[in-house]
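Colleague: Protein sequence lines, in the order shown, are assigned to chains U and Y. Mapping of the first sequence onto my numbering: residues 1 to 139, in sequence order. Mapping of the second sequence onto my numbering: residues 1 to 163, in sequence order.
If you are wondering where the hints come from, they were derived from the structure by calculation, not from laboratory data. Small disclaimer: the values here were computed from a predicted structure and weren't measured. Each residue gets a CB set at the ideal place from its N, CA and C atoms; glycine is no exception. You may find that some hints are simply not true.
[To be verified] In silico negatives: residues of chain U with every beta carbon more than 10 angstroms from chain Y:
(1) E15
(2) V33
(3) S57
(4) N64
(5) S75
(6) A76
(7) A82
(8) Y111
(9) K114
(10) K133
[Claimed, not checked] Computed list of lysine-lysine pairs in DSSO-like fashion (alpha-carbon distance at most 27 angstroms, straight line):
(11) U:K124 with U:K22
(12) U:K123 with Y:K107
(13) U:K7 with U:K45
(14) U:K22 with Y:K2
(15) Y:K107 with Y:K2
(16) U:K45 with U:K79
(17) Y:K20 with U:K22
(18) Y:K117 with Y:K107
(19) U:K123 with Y:K20
(20) U:K133 with U:K7
(21) U:K22 with U:K7
(22) Y:K2 with Y:K68
(23) U:K124 with Y:K68
(24) U:K133 with U:K45
(25) Y:K68 with Y:K117
(26) U:K79 with U:K7
(27) U:K7 with U:K124
(28) U:K124 with Y:K20
[As the list claims (entries may be wrong)] Across the chosen pairs, the derived CB separations fall in these ranges:
(29) U:A76 with Y:H37: 21 to 31 angstroms
(30) Y:Q127 with U:N53: 47 to 57 angstroms
(31) U:E4 with Y:K146: 44 to 54 angstroms
(32) Y:I124 with U:S97: 52 to 62 angstroms
(33) U:E44 with Y:R81: 49 to 59 angstroms
(34) U:P81 with Y:D7: 29 to 39 angstroms
(35) U:S135 with Y:C36: 47 to 57 angstroms
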Amino acid sequence: MTAEAQKILIVDDYEMVRIMLKRCLNQLGYANVEEAVDGQQALEKLQSATEANSPFSMIFSDLNMPRMNGFELLSACRKAPAYQRLPFVIISAEAESDYISQALQHGANDYIIKPFSTQTLQKKLERINDLLKRSAASR
Amino acid sequence: MKALLLDDALSATVIRGVCKSFSELFASPPTPGEICHSGSAAARGDVSGILGMIQERPEASLVLSFPKDTICALISRIYGRPFPEIDRSVREGVGELTNVLYAAIKKDLNDRGHEFKMSIPSVISGQDFSVAAGGGETLLVPFMLKEGPFCVEITLLPAQDPR
Numbered sequence: 001m002t003a004e005a006q007k008i009l010i011v012d013d014y015e016m017v018r019i020m021l022k023r024c025l026n027q028l029g030y031a032n033v034e035e036a037v038d039g040q041q042a043l044e045k046l047q048s049a050t051e052a053n054s055p056f057s058m059i060f061s062d063l064n065m066p067r068m069n070g071f072e073l074l075s076a077c078r079k080a081p082a083y084q085r086l087p088f089v090i091i092s093a094e095a096e097s098d099y100i101s102q103a104l105q106h107g108a109n110d111y112i113i114k115p116f117s118t119q120t121l122q123k124k125l126e127r128i129n130d131l132l133k134r135s136a137a138s139r
Numbered sequence: 001m002k003a004l005l006l007d008d009a010l011s012a013t014v015i016r017g018v019c020k021s022f023s024e025l026f027a028s029p030p031t032p033g034e035i036c037h038s039g040s041a042a043a044r045g046d047v048s049g050i051l052g053m054i055q056e057r058p059e060a061s062l063v064l065s066f067p068k069d070t071i072c073a074l075i076s077r078i079y080g081r082p083f084p085e086i087d088r089s090v091r092e093g094v095g096e097l098t099n100v101l102y103a104a105i106k107k108d109l110n111d112r113g114h115e116f117k118m119s120i121p122s123v124i125s126g127q128d129f130s131v132a133a134g135g136g137e138t139l140l141v142p143f144m145l146k147e148g149p150f151c152v153e154i155t156l157l158p159a160q161d162p163r
């Protein structure tokens, strides 16, 4: 799937982070980007998009958020058949291996440490897109 | 567990954390100024992000302080519109900057045997206030960006009397 065809959901309680991430994604050709302020709103947006037959193709989520944090959102996604295989990338300032391991154990596909460069994001997106291609080919 | 010391290694950790965070976020590496160790140093500014550095007990406070002109210019660069005053978006930006900076400092310290935990920043603002966080020994590192000055302050907190 090309960058233009993908629909990405970014989840972070800080507007500044959402703006910076959206700008990086736009620079890399991902124009269809929506935002949620916490895990609860993200789940609502995932559900509405699926019901409208316009599902998200990828999700980038912060860890520490009010109402529903990134781990809770990730667990909820992995339990729901509709989002079980949705590529899920955690974006957090927490850089210690404990957090990264925990995220991967919960089913995250990747982990980006804040602050990050557009180049780092591009590499992670290439990895996720490879994963999506392999997954589509194996079906 | 190692106790936190306001030594050269901590100064280097703060400088590394600030330079890395600000270079990535603003593509603008800050220049560190003269480090100040004292019992009476106090960060001055118009807005500050503050958090507790906690191992087994609250051991220190970290304060990231900006004058209004510096932070408004930085946040304007991110949002792509002017911020003449310190509003909710600016305060939120200071909170996130404090969070990102502490995470970088915490990782560096924990890699060297400390066990600092995650902490949530608070943001305070007001005209040219100073923060006397805990009143103990203080390390103050000033920085300069093309947008203006800012500073980071770490103040040791006295151990609580167990009685």
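Colleague: Which of the listed hints are not met by the structure?
Modeller: Checked against the structure, the hints that fail are numbers 1, 4, 9, 14, 22, 23, 25, 29, 31, 32, 33 and 34, while the rest are satisfied.
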